[in-house]
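A.B. asks: Residue numbers (full-length UniProt numbering), protein chains in the order written: chain A, 1 to 224; chain B, 1 to 224.
Wrong hints could be hidden among the right ones.
Ranges of calculated distance between the beta carbons of each label pair, as one might list FRET restraints [what the hints assert, rightly or not]:
no.	chain 1	residue 1	chain 2	residue 2	range
1	A	Gly116	B	Gly114	48 to 56 angstroms
2	A	Gln55	B	Asp59	27 to 35 angstroms
3	A	His125	B	Asp59	38 to 46 angstroms
4	B	Gly114	A	Gln122	49 to 57 angstroms
5	B	Glu39	A	Gly97	12 to 20 angstroms
6	A	Arg138	B	Gly78	29 to 37 angstroms
7	B	Asp63	A	Asp59	34 to 42 angstroms
8	B	Arg129	A	Asp54	15 to 23 angstroms
9	A	Asp54	B	Glu39	40 to 48 angstroms
10	B	Glu39	A	Gln122	31 to 39 angstroms
11	A	Gly78	B	Asp119	26 to 34 angstroms
12	A	Pro38	B	Glu39	32 to 40 angstroms
Examples of chain A residues lying across from chain B (beta carbon under 8 angstroms, computed) [claimed, not checked]:
no.	residue
13	Pro22
14	Pro42
15	His43
16	Leu46
17	Leu47
18	Gln50
19	Asp54
20	Ala58
21	Met80
22	Ala83
23	Gln84
24	Val88
25	Leu91
26	Ala93
27	Leu100
28	Thr104
FYI, nobody ran anything at the bench for these hints, they're computed from the structure. For every residue, glycine included, the Cβ atom is placed at its ideal position computed from N, Cα and C.
Protein chains: 2
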Amino acid sequence: MRVLGVDPGLTRCGLGVVEGLPGRRLRMVAVGVVRTPPEDEPHERLLSVQTEIDQWIADWAPDAIAVERIFAKANIKGIMGTAQASAVPMLAAARLGLPLAMHTPSEIKAAVTGNGRADKAQVGHMVTRILGLEEAPRPADAADALALAICHLWRGGYDARVDQAGAPGGRTNRLQAAEQAAGQAGSNRLAELHAQHRTAQRAAAARASGRSGVRPVTTRRIVP
Amino acid sequence: MRVLGVDPGLTRCGLGVVEGLPGRRLRMVAVGVVRTPPEDEPHERLLSVQTEIDQWIADWAPDAIAVERIFAKANIKGIMGTAQASAVPMLAAARLGLPLAMHTPSEIKAAVTGNGRADKAQVGHMVTRILGLEEAPRPADAADALALAICHLWRGGYDARVDQAGAPGGRTNRLQAAEQAAGQAGSNRLAELHAQHRTAQRAAAARASGRSGVRPVTTRRIVP
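From just these sequences and the hints, can you work out the full model?
C.D. replies: Shown next, in the form of structure tokens:
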């Protein structure tokens, strides 16, 4: 399974492709950063990011896309550009019918380092170790994109294994195993994993039934 | 000149097409709202909005797109979806090389009602009068989209006329005329209009020179 991780942004958008299976060694396929010039108009910058992400998807054919879930911080102006940039991989996934997951920064940090409050250096260090790299990917956005992909493979791996297992008993064991693997525990996480699983099942059912999942309702009035 | 106004959102995305020239009577071409079901995944909802906006652009062939500029409010969760939805018309404009403008809520209200703090009812009332409609468009998102298009035509009209006029003296007179037309005055607005003008000129120059304006800078490292 191959995952494209996207750490969204207009100034720097981190991209990382990681391949592997849960419980197996993971392999980095590609890593990079899309930078767009601040002097360009925001919509031109968005298109630049889209052009590049589309190219990455064409080049590396990921099975899934993982995007960092954005929260509001002090820098509201920056957050708007980041939120808009996050729409790009979301749209790509929806258009291509690729599974999409949004992971929070603390989920990513917990999955990679075992600590939801780890700093950039710790994340970079663990990404380097997990992927067997010679040095930490730079800038931090690139390392974050790889961490996202790793997080998704390890968390997504749970769903893949459950789908194969099927039995309710096996499911609970595998949930616990997944929690341990991600270095996190507790009923909140369990509820999250359950919710994720239901979402994945719904998406899979929708894909299997040939339904697009796209159901816009539009009212339109025209005065000639 | 025909303008597509977009009041972005996932639950309701207002769309309005208005045709006209500065100083002339404006005409409503189309108005509507895209609604996407909250039970759909956010990325599916974004794609629904994109599919619909692309269809509107194909159907109505606007010369420009105007999008409401989003600011952070109390409802941070809602604002993220709105910011992501705003990326859709921005990407469309960039992709198609259509001029794009972002107008703030107070600019829109000031342009339509003469008061930057007007309420929804006042905006709906003035939109109805300006476009000679029999009743106010509902829901408010639809009226807001029309207000955006009107705002853009009146503000953008300034640029169009200046481009034709050229002379510095005429430019100042027309700036003042545009300010009066939009029911606003003051040096802030003048500076804004100047900035808008420069942006429009730059975009026009870029289009004329065949330059796309898209200059992504990407670093990519691949480990085979």
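A.B. asks: Run every hint past the structure and note whether it holds.
C.D. replies: Do the hints match the structure? See the list:
1. Checking the proposed 48 to 56 angstroms range against A/Gly116 and B/Gly114 shows it holds: the Cβ atoms sit about 51 angstroms from each other.
2. A beta carbon spacing of about 30 angstroms between A/Gln55 and B/Asp59 agrees with the range 27 to 35 angstroms that was offered as a hint.
3. Remark: the range hint 38 to 46 angstroms for A/His125 to B/Asp59 is contradicted by a beta-carbon distance near 53 angstroms.
4. A C-beta distance of roughly 56 angstroms is found between B/Gly114 and A/Gln122, which places it inside the suggested range of 49 to 57 angstroms.
5. One distance hint, 12 to 20 angstroms for the beta-carbon pair B/Glu39 and A/Gly97, holds here, with the actual separation near 18 angstroms.
6. In this structure the supplied range 29 to 37 angstroms holds for A/Arg138 paired with B/Gly78, their Cβ-Cβ distance being about 35 angstroms.
7. Between B/Asp63 and A/Asp59, the C-beta spacing of about 36 angstroms keeps the proposed range 34 to 42 angstroms intact.
8. For the pair B/Arg129 and A/Asp54, the beta carbons lie near 45 angstroms from each other, so the given range of 15 to 23 angstroms is not met.
9. Taking the beta carbon of each, A/Asp54 and B/Glu39 are about 28 angstroms apart, not inside 40 to 48 angstroms as hinted.
10. Look at B/Glu39 against A/Gln122: about 38 angstroms separates their beta carbons, and that is inside 31 to 39 angstroms.
11. A C-beta distance of roughly 30 angstroms is found between A/Gly78 and B/Asp119, which places it inside the suggested range of 26 to 34 angstroms.
12. About 38 angstroms separates the C-beta atoms of A/Pro38 and B/Glu39, a value consistent with the hinted range of 32 to 40 angstroms.
13. Because the closest C-beta pair between A/Pro22 and chain B is about 21 angstroms apart, greater than 8 angstroms, the hint is violated.
14. Nearest Cβ of chain B to the Cβ of A/Pro42: about 7 angstroms, under the 8 angstroms cut. The hint holds.
15. With a cut of 8 angstroms, the hint placing A/His43 at the interface with chain B holds, because the nearest CB-to-CB distance is about 4 angstroms.
16. Annotation: A/Leu46 was flagged as interfacial toward chain B, and the flag holds, the nearest CB pair being 5 angstroms apart, inside 8 angstroms.
17. Below 8 angstroms, beta-carbon pairs count as interface contacts, and A/Leu47 has one with chain B at about 4 angstroms; its hint therefore holds.
18. Proximity of A/Gln50 to chain B holds as hinted, the smallest CB-CB distance being about 6 angstroms (cut-off 8 angstroms).
19. Among the interface hints, the one on A/Asp54 is violated; its C-beta lies about 11 angstroms from the nearest C-beta in chain B, farther than the 8 angstroms criterion.
20. The restraint placing A/Ala58 at the interface with chain B is violated, with a minimum CB-CB distance near 14 angstroms, outside the 8 angstroms limit.
21. With a cut of 8 angstroms, the hint placing A/Met80 at the interface with chain B holds, because the nearest CB-to-CB distance is about 5 angstroms.
22. Interface restraint check: A/Ala83 against chain B, minimum CB-CB distance 4 angstroms, threshold 8 angstroms, status holds.
23. Residue-level restraint check for A/Gln84 holds (minimum Cβ-Cβ distance to chain B is 4 angstroms; threshold 8 angstroms).
24. At a threshold of 8 angstroms, the smallest CB-CB gap from A/Val88 to chain B is about 7 angstroms, leaving the interface hint in force.
25. The criterion of a C-beta within 8 angstroms of any C-beta in chain B is met by A/Leu91, whose closest approach is roughly 5 angstroms, and the hint holds.
26. Interface restraint check for A/Ala93: the shortest CB-CB distance to chain B comes to about 5 angstroms, inside 8 angstroms, so the restraint holds.
27. At its closest, the beta carbon of A/Leu100 sits 5 angstroms from a beta carbon of chain B; the interface hint therefore holds under the 8 angstroms criterion.
28. A cut of 8 angstroms between beta carbons decides the hint on A/Thr104: the least distance to chain B is about 12 angstroms, and the hint is violated.
The structure fails hints 3, 8, 9, 13, 19, 20 and 28 (numbered hints given earlier, in ascending order).
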